[in-house]
Each structure stands twice: as structure tokens, then as C-alpha cells.
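2 protein chains.
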Amino acid sequence: MHTLWDERFALRTDNLKSSAIRELLKITSLPDVISFAGGLPAPEVFPIERFKEASDIVLTEMGEKALQYGTTEGYQPLREMIARNAGKYGLKISADNVMITTGSQQALDLMGRIFINRGDRVLVESPTYLGAIQAWNAYGVKFVTIPFDKDGMQTQELESRLRLGIKFIYVLPNFQNPTGVTLSRERRKQLVEVANAYGVPIFEDDPYGQLRYEGEHLPPVVVLDDEIRAKEFPIYSGNVIYTSTFSKILAPGLRLAWVVAPVEVIKKLVQAKQGCDLNTSTFNQYLAYQVANDPWMKSHICVIRKTYKERRDVMLKALEEYMPEGVQWTKPKGGLFLWVTLPECIDTQAIFPAAVEQKVAFVPGGSFHPKGGGHNTMRLNFSNSKPELIVEGIKRLAKVVKDNLK
Amino acid sequence: MHTLWDERFALRTDNLKSSAIRELLKITSLPDVISFAGGLPAPEVFPIERFKEASDIVLTEMGEKALQYGTTEGYQPLREMIARNAGKYGLKISADNVMITTGSQQALDLMGRIFINRGDRVLVESPTYLGAIQAWNAYGVKFVTIPFDKDGMQTQELESRLRLGIKFIYVLPNFQNPTGVTLSRERRKQLVEVANAYGVPIFEDDPYGQLRYEGEHLPPVVVLDDEIRAKEFPIYSGNVIYTSTFSKILAPGLRLAWVVAPVEVIKKLVQAKQGCDLNTSTFNQYLAYQVANDPWMKSHICVIRKTYKERRDVMLKALEEYMPEGVQWTKPKGGLFLWVTLPECIDTQAIFPAAVEQKVAFVPGGSFHPKGGGHNTMRLNFSNSKPELIVEGIKRLAKVVKDNLK
Numbered sequence: 008m009h010t011l012w013d014e015r016f017a018l019r020t021d022n023l024k025s026s027a028i029r030e031l032l033k034i035t036s037l038p039d040v041i042s043f044a045g046g047l048p049a050p051e052v053f054p055i056e057r058f059k060e061a062s063d064i065v066l067t068e069m070g071e072k073a074l075q076y077g078t079t080e081g082y083q084p085l086r087e088m089i090a091r092n093a094g095k096y097g098l099k100i101s102a103d104n105v106m107i108t109t110g111s112q113q114a115l116d117l118m119g120r121i122f123i124n125r126g127d128r129v130l131v132e133s134p135t136y137l138g139a140i141q142a143w144n145a146y147g148v149k150f151v152t153i154p155f156d157k158d159g160m161q162t163q164e165l166e167s168r169l170r171l172g173i174k175f176i177y178v179l180p181n182f183q184n185p186t187g188v189t190l191s192r193e194r195r196k197q198l199v200e201v202a203n204a205y206g207v208p209i210f211e212d213d214p215y216g217q218l219r220y221e222g223e224h225l226p227p228v229v230v231l232d233d234e235i236r237a238k239e240f241p242i243y244s245g246n247v248i249y250t251s252t253f254s255k256i257l258a259p260g261l262r263l264a265w266v267v268a269p270v271e272v273i274k275k276l277v278q279a280k281q282g283c284d285l286n287t288s289t290f291n292q293y294l295a296y297q298v299a300n301d302p303w304m305k306s307h308i309c310v311i312r313k314t315y316k317e318r319r320d321v322m323l324k325a326l327e328e329y330m331p332e333g334v335q336w337t338k339p340k341g342g343l344f345l346w347v348t349l350p351e352c353i354d355t356q357a358i359f360p361a362a363v364e365q366k367v368a369f370v371p372g373g374s375f376h377p378k379g380g381g382h383n384t385m386r387l388n389f390s391n392s393k394p395e396l397i398v399e400g401i402k403r404l405a406k407v408v409k410d411n412l413k
Numbered sequence: 008m009h010t011l012w013d014e015r016f017a018l019r020t021d022n023l024k025s026s027a028i029r030e031l032l033k034i035t036s037l038p039d040v041i042s043f044a045g046g047l048p049a050p051e052v053f054p055i056e057r058f059k060e061a062s063d064i065v066l067t068e069m070g071e072k073a074l075q076y077g078t079t080e081g082y083q084p085l086r087e088m089i090a091r092n093a094g095k096y097g098l099k100i101s102a103d104n105v106m107i108t109t110g111s112q113q114a115l116d117l118m119g120r121i122f123i124n125r126g127d128r129v130l131v132e133s134p135t136y137l138g139a140i141q142a143w144n145a146y147g148v149k150f151v152t153i154p155f156d157k158d159g160m161q162t163q164e165l166e167s168r169l170r171l172g173i174k175f176i177y178v179l180p181n182f183q184n185p186t187g188v189t190l191s192r193e194r195r196k197q198l199v200e201v202a203n204a205y206g207v208p209i210f211e212d213d214p215y216g217q218l219r220y221e222g223e224h225l226p227p228v229v230v231l232d233d234e235i236r237a238k239e240f241p242i243y244s245g246n247v248i249y250t251s252t253f254s255k256i257l258a259p260g261l262r263l264a265w266v267v268a269p270v271e272v273i274k275k276l277v278q279a280k281q282g283c284d285l286n287t288s289t290f291n292q293y294l295a296y297q298v299a300n301d302p303w304m305k306s307h308i309c310v311i312r313k314t315y316k317e318r319r320d321v322m323l324k325a326l327e328e329y330m331p332e333g334v335q336w337t338k339p340k341g342g343l344f345l346w347v348t349l350p351e352c353i354d355t356q357a358i359f360p361a362a363v364e365q366k367v368a369f370v371p372g373g374s375f376h377p378k379g380g381g382h383n384t385m386r387l388n389f390s391n392s393k394p395e396l397i398v399e400g401i402k403r404l405a406k407v408v409k410d411n412l413k
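Those protein sequence lines, which keep their order, are chains A and B. For the first sequence, the positions run 8 to 413 when my numbering is used. For the second sequence, the positions run 8 to 413 when my numbering is used.
Source of the hints: derived by calculation from the structure; they are not laboratory data. Note that CB positions come from ideal geometry on N, CA and C, so glycine has one too. Fair warning: there could be bad hints in the mix.
[Said to hold, decoys possible] If you anchor each label on the Cβ, the simulated ranges turn out as follows:
#, chain 1, residue 1, chain 2, residue 2, range
1, B, G97, A, E364, 19 to 27 Å
2, B, E68, A, G206, 50 to 58 Å
3, B, D158, A, L18, 34 to 42 Å
4, B, E56, A, E234, 50 to 58 Å
5, A, E193, B, G147, 37 to 45 Å
6, B, N22, A, F240, 24 to 32 Å
7, A, E60, B, N22, 43 to 51 Å
8, B, N22, A, P360, 43 to 51 Å
9, A, E364, B, Y205, 47 to 55 Å
10, B, E56, A, Q335, 51 to 59 Å
11, A, K366, B, E68, 42 to 50 Å
12, A, M69, B, A357, 35 to 43 Å
With these hints in hand, go ahead and build the complete structure from the sequences.
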């Protein structure tokens, strides 16, 4: 219903709509529906006992500070811990390179806020993360896409795009949301080189970096970038802005993530964040520090990896077993998602109601393409469903696909 | 230092700077400085034991849900509790009229986001809350000010301003930040009538409504507005968007506040919030519900009132005792702040370094005037310092004032 309020809303809200996923989640939270639609971690791996202990310590020993306002940059010991951990991956940063954000969605929003003027171009993979599309649409972004295959963005196509004038390049190098695809080592190097040559910053979104189930760890783009000028500068002052999150390794309910960037960028992000929410929950930052700054964390990540690897394997096997010929899917080496491509004749948006009727849900792939495409694709989440439900869900999904192949 | 990054930042960041208060807080957090500069609650009244119990219950009984992603609107029982409480003040709303935000700073930001196009006018009191100035500057707002006296905004001056075309009116009716002044009952009525006549929405910011230390409770503007059309509509669908917070009655470290608005506005706010941080910390919402949905809450608010009333009284008495002739101040009936006006010849920004040298701090009043003015004023916070420190701090401040009167 159109009301007089609609006449008052700002222009930037015109293309503001609830994300497809969000609307789907409402449907798929109905009982009996096996949902591969969300991007939720498995609640079974939340370290609840650890949180109980941590919460008790934080409130008993530093309650007055943990419940008070905090600085916009974030809790200093947490920033220092993140800087130390980055060091282990070969990245020389100090706490001054780190800002804590209210989930990495806030990092996406702040990137739009400090960089995007209406009409500015941002280069994204296609498909790319829906939350980024949503965040930057609010700033009037013009998306430029780059072709994408089993090794990630086709970096040989970078130069022709960068010549258009690009504000920054958005990349999810590890187990990309939505496809599960990993950017190859060679392409990471090429991305860094070309971006530096053209002076275009890279925004690296890495929520799943630690959730690798097989193969060798690849260096984050920010590390490769740092290697170029590491001798010149004592702390990071390169061309990459990096974000990661505690949502997948601790719990999303804390809304805690972080950005690593050159100090000048951190300063501007901090100024922008001040107007958004003053600071990220002090209490949650103290909690996360208490839980994560402990050798136990390493074993906890192993538990998550083991759990999700099993679920991924079960889903891959079920797809193999039940899907008809002509259906293809990615085999992600980590993360939470895989990507299914159906024969051209099937529109995943169109078969969605039939799937829900069969009590199974997914996200139609079209939503992840900022400039259209992907009508015959879908994203499946494997982290949030128990193995037996994954098998049953894929069976149901395969039935819907077969019914629509006829 | 100007760097190449500065060339990349978006236009909207041009007038983005760290708030004066924030920079001051850095100085004033030095040891020995008695700071009246911040807006911090007293940590002595944080209900730490209650939080410990609540955290234990939440994690034990509903840990898997409390640590997971939540809906953007907020935790349903918390929204319902807020709707029930509003009912006690005579406001008929349902949970659909309520959205949870990440502190009320986020409510301010979202208001800018959904309403303000570059160049749109917003009517504010002068002085007004600094966080609002900061939040809306990022959206290219043009502030229009309305004169202000001991009874709040001079509503007889409203019509001439509304004729300019105003997107919304921003008002802090109770114990305003920064002045401590309360909008009189008559003016509340007039505000509602004129705003309705001109079809201009009101944004009511009420962080301190429950922290009244004397005098009778005055109805919130949203309640007066609802009375106009209460018979027509079963739930609130009026002209006021209202925000309040748990920061002053529980703890700011949770970053929890809420908005009450017509359903159409809540929907748009929710869409906007999705792009900002997906949802407010689920865990903190469960905690707040556990702590606040209890008859104990009433006695807790009495404790806060008693503590702050004492501190206010101590500050008023000390001002009386130590300040030289020609210095005036407000006598707030609640809240966290009072407002001092010095003789015209003193510039509070200019004497700030001398004050810090004397180990006492305040916020110069100029920062709260979006269009200039207030050079001889200052904001003093009385909630965060213990009584003996308040006396000593005012003594020091009076010395600085006297030194600069000569």
C-alpha cells in the first residue's frame, strides 16, 4: 500500500528493498522446511560453555568497564590480538591498522559511506555477495562486473575494467559467498599487481578464511600486497582494505567483525562509524577477547572445520546420487556454500514455490548478480543442516529439478 | 598530513570529523582530570549481578538462539515488552511499531538515511544534541534552528520555519542534551498541533525520560500526538517517530535502543538497517530482555534517580558556592547534564586548555550549535563523577573562570 509516508522518504531509499534472502528466510523458517537458503553457522558448534565462563570473568573482574561506552576504534586488547594474529599470516600491522565493526555488514556499509559518490563504479565478481550489493546500492553505486570461473575472478579481464575508472575492487578470495569458489594463487598475484599499477584499492572480504577443509592455505590478498612494499614501511600502508569476522568462528549473535587497513583509511572509517553507532558493543568485545585470546581457539576452529567438512561431503555425495544429468555444482574447499547450475531451461526463481511445497529451500542465483544473469543457478548452504537432513533435503530438491526438466 | 587516500574519499566525508567531545574525551581520560565532559552514566549503578544471572540463564537455556543471527526488526519478546511499557504511558502500540537499534545513534543515522536528501532541511533546537548534527551532516542536511529558552523550543516560532519546507522536526523534550531543559506541557501540545497542521513529522529523542528527579512526569510528544487520532486507529499511525535507549537505564556497553513509529516507517527503517549491520546483537537483546522484563527494574530506576539527583544537587550547590557573579546555569529536573552561561567576554573554547591544566574538563557549548553561537557556554555532566569530585571539579572550574574574568 502506498501511503503519504512514501512521499517523504529520501531518494536513496528508492531501490531499497528487503533482500531476497531475508524474505526467503521468513518462508523457510516454517517447521519441516529443510533450508539450504540461509547463511547460518551451525549452532551446535557455538562455544556456549566458554561464553558462560568468559561472561562471568568479564562481569566480575571488569564489569564497570565492559558495560560502559567504549572508543569507536574498538577495545584495544582485541585490536592488538587481531594485529598479532595477522602477524602469524605474515602481515605486519599494528593495532592502529585495525578497527572493530558491528559485524562485517557494517564494514561493507562504511566502505560505501567513505568511498562511493553517487555514480561511482565498484568492480565486483558476478555473482557476488548480496549484502555488498545491498549496502552499496544505498550510496548510488554503479556496479561493473568481471567474469568469474572455477578459479575466481578472471584477472586477465581486469585492465579493461580498471580503465573505466573504478573506485575499488571487491573480492571474496576464499570460498566465495555465494559460489564457494577460491581465487587461485596466480590470480591473487595478478590482482594485486594490476590494482597497484592502476592505483585502484582492493576491498578483500574474508569471512571464511580459517574454514578450509582441504588443500593448502593461500595467502590473503592483503599479504601479497604488503610484500610489494614491506621493506619501505614498518606497518601496513598498502592498497588493500581487508575485513573478516567473528561470526563464523565464534558466533554471529555478537555482531563482531574487524577491518584491517592503512592508518589513513582507519581514521576515516572511525569518523564515519561514530555517526553510525558510536562504538561496537563493549561487552561483546570484552567477551570475544576473553574467548578468542586463548590457545583453545585453535582446537575450536578444528571442531568447526570437521563439522562443516562432513556436511559439505554429505551434500556433495547426495548431489552426486540424486541430481539428474545436466546439473553441475562447485566443490568448495571451505566455507559455507556451494553453487548449483541447472540446465538453461530451468529458472530457479520460478521453481522456488514448488521447492517450498516439497519442504526444501535455497536461494535463487539471480539475486547475486548485480547486473542480471544466473537464472538457472542456486546457492546451497551446507553448514546449518545436520547430515541426515542434508541428504533428505537434496533428495527433495532433486525431485523438484526432475519434475521441471520434463 | 594529506595523502593520496584523501583524494579517494567520497564527498560526504568532507565535513566528517571526529566530534569535539570525542577528541576531548581523549584528553580528559588522563588521570587526575575531573571530567564533566563526557555523557557517561555512573558505572556504580550498572546492575552487574543481574547481568551475571541473566547471562547464565540466556546461555544455559537458549544459547543456540541467542548466539545466532536474528531478525533485523529485533528480538520479538523485547519488542513486545517495549510495546507493553508504552501502553503504561498511554500509547497504544504493537510490536510492529517497534524496531531495536544498535544504540540510539543508529536511530539518528537511519533517520538521516531514510529521510534526508542532500539539501533537505531539518528543524533543530539550538543548541541540540551533537550526535544528531554529526549523523545528519553525512547526508548533506541543511539545519534550520529555532530559538530556545528555559521551557525548550519556542513553539510560537514554529510556523515561520515550517513554511520553509522542513523534512522533520528534531526535539529532545526531556532534560535536553546539552542544556538539561524540559519542553513545557503547553509547548508540547503546540508542537504537535502545528506539526500536524503542516504535515511535518516530529522525531522525538527521549533517552532520559525515566530519569526525572523532581516535578511531575510530562507526556511524551508521541503520546500527545496519538491522542489526536487514537479513536481512528487501533495502533499508532501518527506523525511522531520516537526513540529511547537502554544505555541510561541498563548499560551503554550493550548498544541497545529502540524506535517507535508508524508501521510504514518501521518497514523502511528495517530495510535501511539491513544494509547497515543486519541485526542488533542477538545476545545483548536476550540479556536486556532477561534483565528488564522484571519488576526489579522499577526499583533499579529508583536507584539511578537517587544517585543522579544527589550528584545534580551537589553540582548545583557547588556552582552556587564557587562561581563568580555573572555566571548562570540551568537547573535540570532530570537527565545527565546542565548548561552554564558565562559572561559574554569569556570564550569557553579558548579557556579549555587552562581548564585542562587545572585538571578539570567540560564541553564548550559552541559544538552544540549547528549554525554558530554559544561561544560563552559549556555543558557539564553530573552523572559520571562522585559527589566529592564534583565539588572539587567545580572549585577548579570556578578558578579558571575567575582567572579569565580579570
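Structure versus earlier hints - violations, ascending order: Per hint list: 1 and 11 violated.
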